[in-house]
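Trainee: Given chain A, work out where chain B should sit, using these hints.
Going line by line, the protein sequences match chains A and B.
The opening position of the first sequence corresponds to residue 1 in my numbering, with each subsequent residue numbered one higher.
The opening position of the second sequence corresponds to residue 1 in my numbering, with each subsequent residue numbered one higher.
These are computed hints drawn from the structure, not numbers from a lab.
These numbers were taken from a predicted model, which means no experiment stands behind them.
The beta carbon of each residue, even a glycine, is placed where N, CA and C say it ideally should be.
Certain hints may be false.
[As the list claims (entries may be wrong)] Label pairs and their computed distance ranges (CB to CB):
hint, chain 1, residue 1, chain 2, residue 2, range
1, A, 186, B, 275, 51 to 59 angstroms
2, B, 414, A, 158, 50 to 58 angstroms
3, B, 248, A, 231, 53 to 61 angstroms
4, B, 248, A, 149, 46 to 54 angstroms
5, A, 311, B, 414, 54 to 62 angstroms
6, B, 78, A, 73, 52 to 60 angstroms
7, B, 588, A, 97, 53 to 61 angstroms
8, B, 263, A, 97, 57 to 65 angstroms
9, B, 461, A, 92, 28 to 36 angstroms
[Unchecked claim] Simulated coverage check for chain B against chain A, where a stretch passes if three residues somewhere in it have a Cβ under 8 angstroms from a Cβ of chain A:
hint, segment
10, 167-181
11, 449-461
[To be verified] Here are a few chain A residues that face chain B, going by a calculated C-beta distance under 7 angstroms:
hint, residue
12, 77
13, 80
14, 83
15, 205
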Amino acid sequence: MSDPTLISPLADVGVPTAAAALDAAPSRSRFAWFTDMPRLVKVSAVWLMLVVFGAIYAKLDESVFGGALPLQDPNLQTNNFDVNTGEFGTGEPLEGISFNHWLGTDAIARDTFSRLVHGAWVSLIVAGVSAAFGVIIGGFIGSLVGYIRGRLETVAMAVIDVILAFPALVLLLALVSVFEVRSLGLISFVIGVLSIPAYTRVARANSLAISNREFVLAAQAIGTRRRQILFREIIPNVLPTLLAYAMVAAAFVVVVEGSLSFLGLSVQLPQSTWGNMINQARRDIKANIAQVLWPSLALTLTVLALNQVGDYFQRRSAVRQSSL
Amino acid sequence: MSERLDGRLARLLAALMAFALLGAACGGSDDGDAAPADEETAAEESEGDAAEEEVAEAGDEAEGDVDTEIEEETGDRVSGGELAVGLEAELPGMRPWEDTCASACYNIFITIYDKLMESTETGQYEPWLLESIEPNEDFTQWVGTLRSGITFHNGVELTAQSLVDMFAIQQTGSQSQSQIAASNLATVDATGDLEVTYGLSQPNSAFPAYLSRAQLGMVFEPGAAADPDAFNAAPVGTGPFAFESRDLDNETIVVRNADYWGTDANGTQLPYLDKISFRPIPDEGTRLDATLSGTTQVAHTLRQNTIRDARTERDGGAEITLFEFQGSNVGGGMFNVLVPPFDDVRVRKALVHLTPQDQVIEALGGTGISLPGSQWFSPDSPWYSEAAAAAWPQFDFEAGKALLEEYVNDPERSDGKAVGEKIEYELSCPPDPTLIAAMQVGFEVATSTELVDINLTNYDQQTHINYALGAENGFVGSHGAHCWRFSDDNDPSVTINPAFAPPTAEIAEAAGIPDVVSPLNFANYFDGDVFQAAVGATRTDNFEERKALYEAINLKLAEDVPLWYSGYTATALITDASVQGLVSWELPSGTLGQGMPNAEGRWHQVWIG
Numbered sequence: 001m002s003d004p005t006l007i008s009p010l011a012d013v014g015v016p017t018a019a020a021a022l023d024a025a026p027s028r029s030r031f032a033w034f035t036d037m038p039r040l041v042k043v044s045a046v047w048l049m050l051v052v053f054g055a056i057y058a059k060l061d062e063s064v065f066g067g068a069l070p071l072q073d074p075n076l077q078t079n080n081f082d083v084n085t086g087e088f089g090t091g092e093p094l095e096g097i098s099f100n101h102w103l104g105t106d107a108i109a110r111d112t113f114s115r116l117v118h119g120a121w122v123s124l125i126v127a128g129v130s131a132a133f134g135v136i137i138g139g140f141i142g143s144l145v146g147y148i149r150g151r152l153e154t155v156a157m158a159v160i161d162v163i164l165a166f167p168a169l170v171l172l173l174a175l176v177s178v179f180e181v182r183s184l185g186l187i188s189f190v191i192g193v194l195s196i197p198a199y200t201r202v203a204r205a206n207s208l209a210i211s212n213r214e215f216v217l218a219a220q221a222i223g224t225r226r227r228q229i230l231f232r233e234i235i236p237n238v239l240p241t242l243l244a245y246a247m248v249a250a251a252f253v254v255v256v257e258g259s260l261s262f263l264g265l266s267v268q269l270p271q272s273t274w275g276n277m278i279n280q281a282r283r284d285i286k287a288n289i290a291q292v293l294w295p296s297l298a299l300t301l302t303v304l305a306l307n308q309v310g311d312y313f314q315r316r317s318a319v320r321q322s323s324l
Numbered sequence: 001m002s003e004r005l006d007g008r009l010a011r012l013l014a015a016l017m018a019f020a021l022l023g024a025a026c027g028g029s030d031d032g033d034a035a036p037a038d039e040e041t042a043a044e045e046s047e048g049d050a051a052e053e054e055v056a057e058a059g060d061e062a063e064g065d066v067d068t069e070i071e072e073e074t075g076d077r078v079s080g081g082e083l084a085v086g087l088e089a090e091l092p093g094m095r096p097w098e099d100t101c102a103s104a105c106y107n108i109f110i111t112i113y114d115k116l117m118e119s120t121e122t123g124q125y126e127p128w129l130l131e132s133i134e135p136n137e138d139f140t141q142w143v144g145t146l147r148s149g150i151t152f153h154n155g156v157e158l159t160a161q162s163l164v165d166m167f168a169i170q171q172t173g174s175q176s177q178s179q180i181a182a183s184n185l186a187t188v189d190a191t192g193d194l195e196v197t198y199g200l201s202q203p204n205s206a207f208p209a210y211l212s213r214a215q216l217g218m219v220f221e222p223g224a225a226a227d228p229d230a231f232n233a234a235p236v237g238t239g240p241f242a243f244e245s246r247d248l249d250n251e252t253i254v255v256r257n258a259d260y261w262g263t264d265a266n267g268t269q270l271p272y273l274d275k276i277s278f279r280p281i282p283d284e285g286t287r288l289d290a291t292l293s294g295t296t297q298v299a300h301t302l303r304q305n306t307i308r309d310a311r312t313e314r315d316g317g318a319e320i321t322l323f324e325f326q327g328s329n330v331g332g333g334m335f336n337v338l339v340p341p342f343d344d345v346r347v348r349k350a351l352v353h354l355t356p357q358d359q360v361i362e363a364l365g366g367t368g369i370s371l372p373g374s375q376w377f378s379p380d381s382p383w384y385s386e387a388a389a390a391a392w393p394q395f396d397f398e399a400g401k402a403l404l405e406e407y408v409n410d411p412e413r414s415d416g417k418a419v420g421e422k423i424e425y426e427l428s429c430p431p432d433p434t435l436i437a438a439m440q441v442g443f444e445v446a447t448s449t450e451l452v453d454i455n456l457t458n459y460d461q462q463t464h465i466n467y468a469l470g471a472e473n474g475f476v477g478s479h480g481a482h483c484w485r486f487s488d489d490n491d492p493s494v495t496i497n498p499a500f501a502p503p504t505a506e507i508a509e510a511a512g513i514p515d516v517v518s519p520l521n522f523a524n525y526f527d528g529d530v531f532q533a534a535v536g537a538t539r540t541d542n543f544e545e546r547k548a549l550y551e552a553i554n555l556k557l558a559e560d561v562p563l564w565y566s567g568y569t570a571t572a573l574i575t576d577a578s579v580q581g582l583v584s585w586e587l588p589s590g591t592l593g594q595g596m597p598n599a600e601g602r603w604h605q606v607w608i609g
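Next comes chain A alone, as it looks inside the complex (with noise of 0.2 angstroms):
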């Protein structure tokens, strides 16, 4: 967005742009993107920051250090039998907070801190990848049918009436349950594609607009080609309404994926998600409420956060939208 001409080409014929508008203010600090920020949307910023660090560091202590990074292996049931000494643990199963585990231990023994980290991780991708199809391809569907119309515009809008009229949780039950093996690709990848509707209709409506903007008539007036108009006028100023989106979708995603997990449907046992501890923790809520508690709290905070910086980009993206 830094440059100009991605914004209209009337920049080439000396008309002030808005991105130009916004380059031309006085110089501020690289960080004020994070410092203009309201005070609860900065806290939930720093959560998200603390989620997603955590999540990169418990995939790469599993996959890159086996295992030799300071956080404690999410699949140790201390109490079981050690192979390697050829006894069984001594660990506890729900366990209250300690040195050694700092949130407890689940009812196999195993430490809840950890597992709640590496089930960020689950979270994580499946936000990501959901957010990823959704604003890719159905970000290019919808721009493109919102500006080309027509048929096109029918037919792709009448197939997303059609798949939106399925209650989505429903729909997705049943996909991933046709499933017996369920890796986090394959739950990430169906939950992506269902993803791709909601986005195409955001992005459509946007286009929609933006068609009709004076810059878009004046390219067409100069002759631009329809596929440059899509990709450089339409498609970059549809992208900030729909990452404002994707962060409101990936909150929805991830309580999706945390009721699929609670429901046994998301990824493969023994893998932590915070579903998966929730639905595990709960038969234990009268002897230890706060295994249930530590899930579902990153799990609402994350959610919280991520409407909450959502939000903020939409309501930029609005003000830059209205400026244009």
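Mentor: Coordinates of chain B only, in the frame set by chain A:
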């Protein structure tokens, strides 16, 4: 199993039976013995002395399991009062011949319907609504005599013809059909006003056991049942309570049957209570909380972790009594022995050696509550075999790993993989948090051998059953290892015979018994000696002979390990301290009853102290 099952009808019946077993197989329905509460204990409880309430269990808690002794209760019995009972589930329907009836259902049905036979504290069967029953020499005919002067709640007199008319309805009932087939029942004739003759197609010395369960044993008014829907809305039996109302998913109310035939040892008219309200409360914690808060006076549970939580509450001063019962229902799972690699006993035995039972029980929430399983009978069962317990493979990592290595390095290994390649299989359980925890315990140890890859799956209960049933491929199924439950506190033949009869037509043909096929043999394990022993046990009523046959079966199971066991399943009725009489109910002969197996209370002799 001795019944002749042939063709599609047999398979249909078996499938129906499978669905009937659904609740018992995976839904946590458990059996056990009874927990006692003697007079002294009852008095102490009524004083609200929480410290003394532990005595109410009268169990040997030092050993950690629930107490199953049954003792006579001789305190003053009080007529009147009302109870609210929290059950784990709503009833599918009120028709014994048609509707699936698991533990929660039995609690309600037993108030409305009397049974023809009833089980005693020693696991034997004695007449209840019948006055007597006698078999012929080869157990193909049973002649029973009904008590006289008994009327249904609608005033209709109970006669032998009522049972004949009931049989006509039972033959069409989805639940009764399978029991008719399993029991070998062929005809029911009224051979007198009160005399009924049951004709069997095959000998069955355990036939009275079938008359003690809902499907064939609970007596309903056949005239009223002619309209099944109307009957479902207003069921009619001869039981101690009459149906008053049912608000689906909220409350079923039964009220005292003033004309009930039963009296206690002192001649006092039964039942003692005026009214019972049964409320389905599916969430375990909420159900327990309802009793702790006084919203209900009884909480029904089939879950060890709820018993654990209730014990904690009691020890913390809550004025409750735990009527616990540990029966023969045992958790665990089965291998599909027709599917590689489980067609090789080395793999099966290895995985049993690699299952740490104590840790699995801990994961199930049963530490200090459930005893490790070793056979189809709990240590409290009269059928329990010490020899079979000693023979069951214990946890032994090195032995298990050695067996797996032997298989993996066998050029003739049955799964067709290359020598040295890991074994792969699926372990499937319903998506219950308890089972999910337990399955991961075995997974951890088995995969630590680095000789197996296990795909852990969770299917909803219905899918889980269908998957194991495997109707689509001749009842072989494509499943590998499956969580399952085995056994109950009925006569052993009820569960053992269908579980070890030939599972497919081909196997039956090869065994020379082409008409005997049981799709309920979910593990697909067939052994001629086991089958003959199971059939032999229905040809004699000599207890010692039968026990020896069942011991031989359990010894063979320990050798061939088509199944694995976790722990026997404890169940409980958790009551307000004022509720008395759940463990001490008696049969008309004065014999002590079986207590509350599978958390099934007998409410006619319960009083509020």
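Trainee: Against this structure, judge whether each hint is valid.
Mentor: Against the structure, the hints:
no.	hint	verdict
1	A:186 with B:275: 51 to 59 angstroms	holds, 54 angstroms
2	B:414 with A:158: 50 to 58 angstroms	holds, 53 angstroms
3	B:248 with A:231: 53 to 61 angstroms	holds, 60 angstroms
4	B:248 with A:149: 46 to 54 angstroms	holds, 53 angstroms
5	A:311 with B:414: 54 to 62 angstroms	holds, 60 angstroms
6	B:78 with A:73: 52 to 60 angstroms	holds, 59 angstroms
7	B:588 with A:97: 53 to 61 angstroms	holds, 58 angstroms
8	B:263 with A:97: 57 to 65 angstroms	holds, 59 angstroms
9	B:461 with A:92: 28 to 36 angstroms	holds, 31 angstroms
10	167-181	violated (count 0)
11	449-461	holds (count 5)
12	77	holds, 5 angstroms
13	80	holds, 5 angstroms
14	83	holds, 4 angstroms
15	205	violated, 39 angstroms
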